[in-house]
Every structure is written in structure tokens, then in C-alpha cells.
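K.L.:
Here the protein sequences come in this chain order: S and B. Note that my numbering gives residue 33 to position 33 of the first sequence, counting from 1, and the numbers run on in steps of one. Note that my numbering gives residue 57 to position 57 of the second sequence, counting from 1, and the numbers run on in steps of one.
Keep in mind the hints are simulated off the structure, nothing from the lab. Here a beta-carbon is modelled for each residue, glycine too, at the ideal position from N, C-alpha and C. Any given hint could turn out to be false.
Straight-line distance between alpha carbons at most 25 Å, and here's what the computed SDA-like set of lysine to any residue pairs gives [what the hints assert, rightly or not]:
hint : chain 1 : residue 1 : chain 2 : residue 2
1    : B       : 35        : S       : 6
2    : B       : 88        : S       : 6
3    : B       : 35        : S       : 38
4    : B       : 35        : S       : 23
5    : B       : 35        : S       : 37
6    : B       : 88        : S       : 15
7    : B       : 35        : S       : 9
Label pairs and their in silico Cβ distance ranges [to be verified]:
hint : chain 1 : residue 1 : chain 2 : residue 2 : range
8    : S       : 8         : B       : 58        : 31 to 39 Å
9    : B       : 86        : S       : 8         : 39 to 47 Å
10   : S       : 9         : B       : 11        : 14 to 22 Å
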Amino acid sequence: MSQVFIRSLGARLVEHAASVLGPERRDWGTAMAHELQHLDSDRQALLWALGCVWTAYVERYSGRALSALLSGGVALLLLSNMARLVLLGFLGWYSGFLHGFGLSPAVPAAAQLVAGLLLLCLVGIATQGRWQTRLLAALFFPVFSFLTFVTLAFCSQLAQRSTPWLSYRHHGRIPALWVDSAIAVSGFLQGTLTALLIVVPFVLIYRSRAAVIALLALLPAVSLQLTSVTQTASSAHALLVMSMGLAWSTACAVVTLLWCASGINRWLPSRSSRTSDRWCA
Amino acid sequence: MGMSRTPNASRQTRQLLGALLEQGRTWRHGYALAKEADLSSGTLYPLLIRLHDQGLLESRWQESERTGRPPRHYYRLTAAGVVLAREKAMNAAVGVPRLRKLAGAT
Numbered sequence: 001m002s003q004v005f006i007r008s009l010g011a012r013l014v015e016h017a018a019s020v021l022g023p024e025r026r027d028w029g030t031a032m033a034h035e036l037q038h039l040d041s042d043r044q045a046l047l048w049a050l051g052c053v054w055t056a057y058v059e060r061y062s063g064r065a066l067s068a069l070l071s072g073g074v075a076l077l078l079l080s081n082m083a084r085l086v087l088l089g090f091l092g093w094y095s096g097f098l099h100g101f102g103l104s105p106a107v108p109a110a111a112q113l114v115a116g117l118l119l120l121c122l123v124g125i126a127t128q129g130r131w132q133t134r135l136l137a138a139l140f141f142p143v144f145s146f147l148t149f150v151t152l153a154f155c156s157q158l159a160q161r162s163t164p165w166l167s168y169r170h171h172g173r174i175p176a177l178w179v180d181s182a183i184a185v186s187g188f189l190q191g192t193l194t195a196l197l198i199v200v201p202f203v204l205i206y207r208s209r210a211a212v213i214a215l216l217a218l219l220p221a222v223s224l225q226l227t228s229v230t231q232t233a234s235s236a237h238a239l240l241v242m243s244m245g246l247a248w249s250t251a252c253a254v255v256t257l258l259w260c261a262s263g264i265n266r267w268l269p270s271r272s273s274r275t276s277d278r279w280c281a
Numbered sequence: 001m002g003m004s005r006t007p008n009a010s011r012q013t014r015q016l017l018g019a020l021l022e023q024g025r026t027w028r029h030g031y032a033l034a035k036e037a038d039l040s041s042g043t044l045y046p047l048l049i050r051l052h053d054q055g056l057l058e059s060r061w062q063e064s065e066r067t068g069r070p071p072r073h074y075y076r077l078t079a080a081g082v083v084l085a086r087e088k089a090m091n092a093a094v095g096v097p098r099l100r101k102l103a104g105a106t
């Protein structure tokens, strides 16, 4: 790239940053633009300009979009895991895996359902910054999960007391390979998208030490992908592996949420006073 | 959830405050601060803006010594900023032996 092009690009970027910052931060935009013209190295000038663009977007939008992405991503992960836990109890009940514990088959499934719904209440309260009222926040996830559970139960009844995918798989209505592939791919997509929702804002904002947080957030994604593969089997071993994967990914998600929301992350760069109060509210 | 973070407690903020404190009440431009605090512009400016909003930093425009270049924005700590920066520096100095003691106790 020619020197003129790089300089011109840098100037355009800083111009854009100033426009994003808006009139209330006009002085800062001008300061960035003028500072750029004092830099002798083209490479440094381009990096400086990119940083200014980043600053502008952080200042203007981070309190809303990125915060919503982060807390939304964690909440989505927790929600999906809780829904899977509920589903797991249901699947265990119907597959006979839980019968060996000497309890009524319905008890563990019901207990797991209640525990899952209570946990979902906590998730809702923890992320209540996104909701108008605490009550709505507390009720949204449990109600959503319960409706999912009821729908699945209804579908299973239709499939003669077997979960839909097992039914389809065993009765050969759809080729097993197709079912397995669909579940694996959907699990992979779910895990990847969820992880991206969590990781991308962290990496963009906190370049320093972001790898640690990214790893923490990626672990649930990996476990989700692994569990999605095991979902196709009906054996007790597969259910056990699935339980462990779900427990681990849920634990990771909880830690990520707490890390994000509490004072544990004091070593992370603070944000502007305009946005910091809304962070992880 | 009402979880508020400790303000100005990040490592990058401490680095910036340290760089500003080192030169006392001397005015510094953004690039010099970025170099001394080892921060990129993407980290530096949000911190500067925040400190400025909190009344810990003051800024002014100053004509460039080099001809043909536009005026530059210069920064320095306010009196309150100096107090905070000294406090942070002191805490950092005290914190190390405390950590060592903790590490020794385990």
C-alpha cells in the first residue's frame, strides 16, 4: 500500500470515528484527528486510526449493544443448558435409565424439572437489567422452559412414549444417519453461536488477557458440541456423558456470568463513566 | 443486579495514571501518553474520556511546535487526579508485600 493511501485511509477512519462520537464528543474526535497528523510512521498512524474508530464505537454503543450481547449470550447459554437438563430428565425417565435408583421413575425427572425451573428464575433475576420488572425477569426463562418441556412431552406421547429423535431413529422413519447428523450439526451451531456471543464482545473490548476469558467461554461450546453427538444414543453411558457435559458447561457459564458481573474482573480495563454503570446490569 | 465495578481500578487505568503522575503537572499529548503507559489508542482514549468526565483530567489545545501541523490536545491530572493517582500508586506498592505475605501463609 502506498504512503498516500495509508494516510488517506487513516484520515478517513478518524473522520468516521469523529462522526460516530457525535457532537457531544466533538473535541475528542478533533483531538484524535490532529494527533494522527503528528505521527510520522504510516503503520502507527493506521493503528492509531483503527484504535480511534474502536474508541468511538465503544463510547457510543458499548453500553447497549455489547453489554446486551454479553449478558444475552451468557443467558442464552444458561437457558439452553437448563432446557437440556429438563429434557435430559425427561429422556432418562422414558428410557429407563433412572429406574435403577429405586425411585419412582417420575420423581427424579420432576425434581430435575423443578430444580431447572428454579435455576432459570435465578438466571432471569441475574439478568434483570434487560427486563422491565423483576417479576417478568424471574418468570420469563422458567415459563419458556416449561413450555418447551410440555411441547416435548406432548410430542413424545405422540411418538408412543419415546422421545422424537429416538423414535425416528429406531423406527427408521428417517434414516439414522440423517437424524444423527442433524442433531450434531444443530448442536455444533448452537454451541458455536453461543460461544461467539460471549467471546466476541470480550475479545473486542478486553484485548488484554481476553484469551483467558475466551477459553472460559469456549469450554461450554465444546462440551455442547460433544453432548450433541451423544444425544443420538439411548444407552445409559451416553446419558451419563451427556449429564457430565451439561453440568460442566453450566458451571462454566455460571462462572462466566459471575466473573462478568462481579468485582472479580477489576483487573480488566474500565470503560467510560457513561457506559460503565450499565455494564452487566 | 446492581453490581457496580470499582472505578479506575483496571491495570490500564493504573498504567495511565502512573504515566500522568510521573511528569507531575506537565501537559502531555495523547501519543506520548500512549507510549509511556504502553496503551493503544483504542484503550487510551476511552480512559482519557472517562477520567476527564470524572474531573480527574484536564485538557487544552496547544499549538504545534512543528510548522504545518495542527494544534494538539494536551492532558494533565487535576488536583483530584493527582490525589487518586498517588493513592493508586501507594496501594500498588502496599499490595505486593501483602500478596507475598498471603502467598507465604499458604
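K.L.:
None of the hints should be skipped; say for each whether it holds.
P.N.:
How the hints compare with the structure:
Annotation: proposed proximity of residue 35/B to residue 6/S holds, straight-line Cα distance about 21 Å (limit 25 Å). Restraint check: the Cα-Cα separation between residue 88/B and residue 6/S comes to about 39 Å, which exceeds 25 Å; the hinted pair is violated. Of the supplied pair hints, the one linking residue 35/B and residue 38/S holds, its CA atoms being roughly 14 Å apart against a limit of 25 Å. Of the supplied pair hints, the one linking residue 35/B and residue 23/S is violated, its CA atoms being roughly 28 Å apart against a limit of 25 Å.
As the CA atoms of residue 35/B and residue 37/S are separated by approximately 16 Å, the hinted pair is consistent with the 25 Å bound. The straight-line distance between the Cα atoms of residue 88/B and residue 15/S is roughly 35 Å, outside the 25 Å bound, and the hint therefore fails. A distance of roughly 23 Å separates the Cα atoms of residue 35/B and residue 9/S; the hinted pair therefore holds under the 25 Å criterion. In this structure, residue 8/S and residue 58/B meet the distance hint of 31 to 39 Å, their C-beta atoms being roughly 33 Å apart.
At roughly 44 Å, the beta carbons of residue 86/B and residue 8/S sit within the given window of 39 to 47 Å. Residue 9/S and residue 11/B have their C-beta atoms about 31 Å apart, which leaves the hinted 14 to 22 Å range violated.
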